[in-house]
Amino acid sequence: MARTVAMFTDVSLCIGCRACQVACKQWNQLEAEEPEWTGTYQNHAHFTDKTYRLVRFMEEKDDKGALTWNLMSDVCKHCAQAGCLEACPTGAIYRTQYGTVNINQDICNGCRYCVSACPFGVVAFNHDTGRASKCTFCNDRLHNGLGPACAKACPTESIQFGFRDELSAKARKRVEELKKMGYKDAQLYGEDQNGPLGGLNAFFLLLDKPSGYGLPEKPRLPQNNVFVDSLLSIGSALLVGIGAMVAFRERGGKE
Amino acid sequence: MPLLQSADWPLLIDLYFFLAGLAGGAFVVATIADLLGGERNRSVVRVGYYLAFLAVIPCPILLIVDLGVPSRFLHMLVSFKPDQAIGAAAINIGPFHIKPFSPMNMGAWALLGFSALAFLAALSVFLEDAKRGRNLSALRTTVGVIGGFFGFFLAAYPGVLLGATARPLFQNGSFLGALFLAVGASSGAAAIALILSLLGQGAGGTPGRLRQLIIPALLLQAATLALFLLRVGMSGGEGALQSLALLLSGPYSLIFWVGAVAVGLIVPLVLQVASRQPGLVAISAVLILVGGFLVKYVIIAAGQVV
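Going line by line, the protein sequences match chains A and B.
For the first sequence, our numbering gives the first residue as 1, with consecutive numbering after it.
For the second sequence, our numbering gives the first residue as 1, with consecutive numbering after it.
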């Protein structure tokens, strides 16, 4: 396995220009879509089968009650423990040698289990092809020694591409800097490889608590439920089995 | 703007979950009745195995029609893919793959195995019926016991499958697999009772025996449903409480309380306990089937909104 790569999105540098969103569409040849009125500058409300990078414009009130933006260029997190990958019944979703998560379009059969298994609502169903789609981490560029198109296009270096260990060190330094500058809520999201989902290979620096960006505070791997849910099912099965045995038991000719 | 996205599984899938549970439940009932007295319980065994086989026939069709690329249905089990990591504990045998933590993959294998065994069980009953005196009980017992485990799995796995998603209602419930299994048992037994009463074959002690199974199965269904709701409520997550509200007091509350709980669970339970009249037993069996479908339908519908 090659060295794990990562994307680091530093929201403190994001100006909401959406160059990443456009660069992603161009490189991946994703069609334009009808704009969606979401009530904020955000377009679209969700990731779609044609939008793999999405700049979120979260409207929040500051201490004085004035409206502020929590800007965040959101993307597939390429989780170290990925719900979509574990859910996929066909083996279409796989981990690349770079540690990213990809959907093999030649194998996906459109069951949509991954769509509901993603803790971040990233995977979307493409009604034209009948398959699931999401950010590929620009797999083609990656294999040719280039970073993803969104990172390349970002004019403020809010999105950075690199090896995970190097980016981690950079990110931790940046949080300290921002805290010194008075951003008391500055924090990393998904950088910790001992944290939820074994760390995210696209991690973030946030200026507010995760819920301020619509992100779950502690994302969970859905498949962690399989063991307990199965045990409870077995308990239920035992009760049914015992009930049936009592009902159909031999009763010495008394009917 | 909610973060999560939904698979938007349609009615086809609810129908599949219902039929798979019914088939698995009917098969298990037939097997246990067979093991504890094949001759005495002959009518239950015959109807149970035939029903399990007939109910499982539409199942793969419902699933395949729902796929985005139906021609690739076999990819659930086998796909020619590069040698790459496809999940924790995934087992690759040539192009075949078994993913223990993907309930959908395991369910596809279980459906394949159950279908084969349900066919063999129905065939053995048919061959015995075709020629008096022929005894295939050794084959039937073997197929019945192995198929019984598959039947349990088939009835329960859809609940575990839903539990292994990020949807708050499903993810926090824990008891969905247990509930779906209980629904499978109650609907399987009720369907057998209904068919027997329609055929006028409820002779001897058979209706009483089925009744003795249906009552505890309905009680288990009620208990696991209550535990499911309790678990979701106690999880305290925002999304979980929202979807719970949709189910209990929102747009789905009528179907839930009237359809799944009152008409589909409490009324048939009271009828089973209070009356042994064949007509009322048949009516209660129909209500159990309706309730079994509605409880799955309404939970899946509410859980896919938030």
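Keep in mind that the hints are not guaranteed to be accurate.
[What the hints assert, rightly or not] Taking CB as the label site, the calculated pair distances span:
#: 1; chain 1: B; residue 1: Ile-64; chain 2: A; residue 2: Glu-166; range: 31 to 39 Å
#: 2; chain 1: A; residue 1: His-143; chain 2: B; residue 2: Glu-238; range: 37 to 45 Å
#: 3; chain 1: B; residue 1: Pro-70; chain 2: A; residue 2: Arg-3; range: 34 to 42 Å
#: 4; chain 1: B; residue 1: Gly-233; chain 2: A; residue 2: Gly-162; range: 17 to 25 Å
#: 5; chain 1: B; residue 1: Leu-280; chain 2: A; residue 2: Gly-195; range: 38 to 46 Å
#: 6; chain 1: A; residue 1: Tyr-183; chain 2: B; residue 2: Leu-227; range: 53 to 61 Å
#: 7; chain 1: A; residue 1: Gly-214; chain 2: B; residue 2: Leu-112; range: 36 to 44 Å
#: 8; chain 1: B; residue 1: Ala-226; chain 2: A; residue 2: Gly-212; range: 52 to 60 Å
#: 9; chain 1: B; residue 1: Leu-74; chain 2: A; residue 2: Thr-40; range: 41 to 49 Å
#: 10; chain 1: A; residue 1: Glu-34; chain 2: B; residue 2: Pro-58; range: 32 to 40 Å
#: 11; chain 1: A; residue 1: Asp-192; chain 2: B; residue 2: Ala-85; range: 37 to 45 Å
#: 12; chain 1: A; residue 1: Gly-214; chain 2: B; residue 2: Ala-85; range: 42 to 50 Å
#: 13; chain 1: A; residue 1: Asp-192; chain 2: B; residue 2: Thr-142; range: 47 to 55 Å
[Stated by the list, open to error] Only part of the chain A face toward chain B is listed, based on derived beta-carbon distances under 8 Å:
#: 14; residue: Pro-35
#: 15; residue: Asn-43
#: 16; residue: His-46
#: 17; residue: Arg-95
#: 18; residue: Asn-109
#: 19; residue: Cys-118
#: 20; residue: Phe-125
#: 21; residue: Arg-131
#: 22; residue: Asp-140
#: 23; residue: Leu-142
#: 24; residue: His-143
#: 25; residue: Asn-144
#: 26; residue: Pro-155
#: 27; residue: Val-175
#: 28; residue: Val-226
#: 29; residue: Arg-249
Hints in this document: simulated from the structure, not taken from any laboratory.
For every residue, glycine included, the Cβ atom is placed at its ideal position computed from N, Cα and C.
Against the structure, the hints:
| no. | hint | in the structure |
| --- | --- | --- |
| 1 | B:Ile-64 with A:Glu-166: 31 to 39 Å | 47 Å, violated |
| 2 | A:His-143 with B:Glu-238: 37 to 45 Å | 41 Å, holds |
| 3 | B:Pro-70 with A:Arg-3: 34 to 42 Å | 40 Å, holds |
| 4 | B:Gly-233 with A:Gly-162: 17 to 25 Å | 45 Å, violated |
| 5 | B:Leu-280 with A:Gly-195: 38 to 46 Å | 58 Å, violated |
| 6 | A:Tyr-183 with B:Leu-227: 53 to 61 Å | 45 Å, violated |
| 7 | A:Gly-214 with B:Leu-112: 36 to 44 Å | 41 Å, holds |
| 8 | B:Ala-226 with A:Gly-212: 52 to 60 Å | 36 Å, violated |
| 9 | B:Leu-74 with A:Thr-40: 41 to 49 Å | 44 Å, holds |
| 10 | A:Glu-34 with B:Pro-58: 32 to 40 Å | 38 Å, holds |
| 11 | A:Asp-192 with B:Ala-85: 37 to 45 Å | 22 Å, violated |
| 12 | A:Gly-214 with B:Ala-85: 42 to 50 Å | 30 Å, violated |
| 13 | A:Asp-192 with B:Thr-142: 47 to 55 Å | 52 Å, holds |
| 14 | Pro-35 | 15 Å, violated |
| 15 | Asn-43 | 11 Å, violated |
| 16 | His-46 | 6 Å, holds |
| 17 | Arg-95 | 4 Å, holds |
| 18 | Asn-109 | 4 Å, holds |
| 19 | Cys-118 | 6 Å, holds |
| 20 | Phe-125 | 7 Å, holds |
| 21 | Arg-131 | 6 Å, holds |
| 22 | Asp-140 | 15 Å, violated |
| 23 | Leu-142 | 14 Å, violated |
| 24 | His-143 | 13 Å, violated |
| 25 | Asn-144 | 18 Å, violated |
| 26 | Pro-155 | 26 Å, violated |
| 27 | Val-175 | 23 Å, violated |
| 28 | Val-226 | 5 Å, holds |
| 29 | Arg-249 | 6 Å, holds |
Violated hints for the displayed structure, listed by number in ascending order: 1, 4, 5, 6, 8, 11, 12, 14, 15, 22, 23, 24, 25, 26, 27.
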